[in-house]
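A.B. asks: For the sequence shown, the tail end lands on 661 under my numbering, and the numbers increase by one without skipping.
There may be inaccurate statements among the hints.
Unchecked claim - With a cut-off of at most 25 Å between alpha-carbon atoms, the simulated DMTMM-like pairs for lysine to aspartate or glutamate come out as follows: (1) K573 with E379; (2) K488 with D508; (3) K571 with E657; (4) K535 with D411; (5) K629 with D616; (6) K380 with E471; (7) K535 with E568; (8) K574 with E538; (9) K598 with E609; (10) K492 with D438; (11) K534 with D469; (12) K605 with D521; (13) K541 with D613; (14) K596 with D621; (15) K534 with D377; (16) K629 with E657; (17) K541 with D572; (18) K463 with E538; (19) K451 with D469.
Honestly, the hints are just simulated from the structure, not real lab data.
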Amino acid sequence: MITVLSGGTGTPKLLQGLKRVVDNEKLAVIVNTGEDTWIGDLYLSPDVDTVLYTLADLINEETWYGVKGDTFYTHEQLKNLGFDEVLRIGDKDRALKMHKTYYLRRGYKLSEVVDMEREALGIKVKVIPMTDDKVETKILAKVDGKVDLLKFHDFWVKRRGDVEVLDVIYENSLYAKPCKKAVEAIKNSELIIIGPSNPITSIGPILSLNGIRELLKDKKVIAVSPIVGNSAVSGPAGKLMKAKGYEVSVKGIYEFYRDIVDVLVIDNADKEIAKEIPCEVFITNTIMKTLDDKVRLAKNIIEFCGG
355 MITVLSGGTG
365 TPKLLQGLKR
375 VVDNEKLAVI
385 VNTGEDTWIG
395 DLYLSPDVDT
405 VLYTLADLIN
415 EETWYGVKGD
425 TFYTHEQLKN
435 LGFDEVLRIG
445 DKDRALKMHK
455 TYYLRRGYKL
465 SEVVDMEREA
475 LGIKVKVIPM
485 TDDKVETKIL
495 AKVDGKVDLL
505 KFHDFWVKRR
515 GDVEVLDVIY
525 ENSLYAKPCK
535 KAVEAIKNSE
545 LIIIGPSNPI
555 TSIGPILSLN
565 GIRELLKDKK
575 VIAVSPIVGN
585 SAVSGPAGKL
595 MKAKGYEVSV
605 KGIYEFYRDI
615 VDVLVIDNAD
625 KEIAKEIPCE
635 VFITNTIMKT
645 LDDKVRLAKN
655 IIEFCGG
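Could you put together the complete structure from these sequences and hints?
C.D. replies: Okay, here's the thing in structure tokens:
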């Protein structure tokens, strides 16, 4: 059994490789829900949906959000009616979100709804939201000279991260419980892979839940760095790491995971500083541009860990 901790961009690329090299029924993915939000009457779980679409081979790889080849008739008509839907939601993608909304409003747990969707999409990999409770990642930032607490959707989708970040907060994580299936997946796994997602806003919310770090300390944990050189492969990871006081480098990634990580996977470009990292280091090509790249990296990680 292998469990992967995932956000919505870097790790899904690795999942495309993993699903081709390991038994899908022995693979579980615990997904960040700190970016979940409501737009109007529609519930959005962006990282969960990206993982579902990735594992179902439906993901739009140009945006790493939504369904490839989707249409946007509903979004455009809403705009014509004066509804400000900042996120451009496709019609097929909207149907999945409507499905979540319908069942959540009727008292179903998010993990139950996601499991229904996983089965409907023919996915054998277990896809598990990190919690059934509300945890919201918020960005403390300076906006137009004033300090404001932004929802992640506002920070990244509306403002494209173009603000001065002061801190990142996982609202309600002290009181939220990790999903029972997430706890079981970790306990039953021989290997935990922390994917190359943003450590602060994609993996951090998962680790902030009560008991998760303690469970991981008893497991073999391999973390794939999303940082190459002094910058993130994609997204706002660099800016957010700085705000939390971490160096934007593989050394900063190690510091963030230092109490749980056994092996850090870094890119060939960072091999000269590997000796400065006080844990086992696996040096390989971590850039995933093609499917072959993703399969190769997945194989290399599994083989390195004795799989």
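A.B. asks: Let me make sure I understand: some of the numbered hints might not hold for this structure. Which ones are they, in numerical order?
C.D. replies: Structure breaks no hint.
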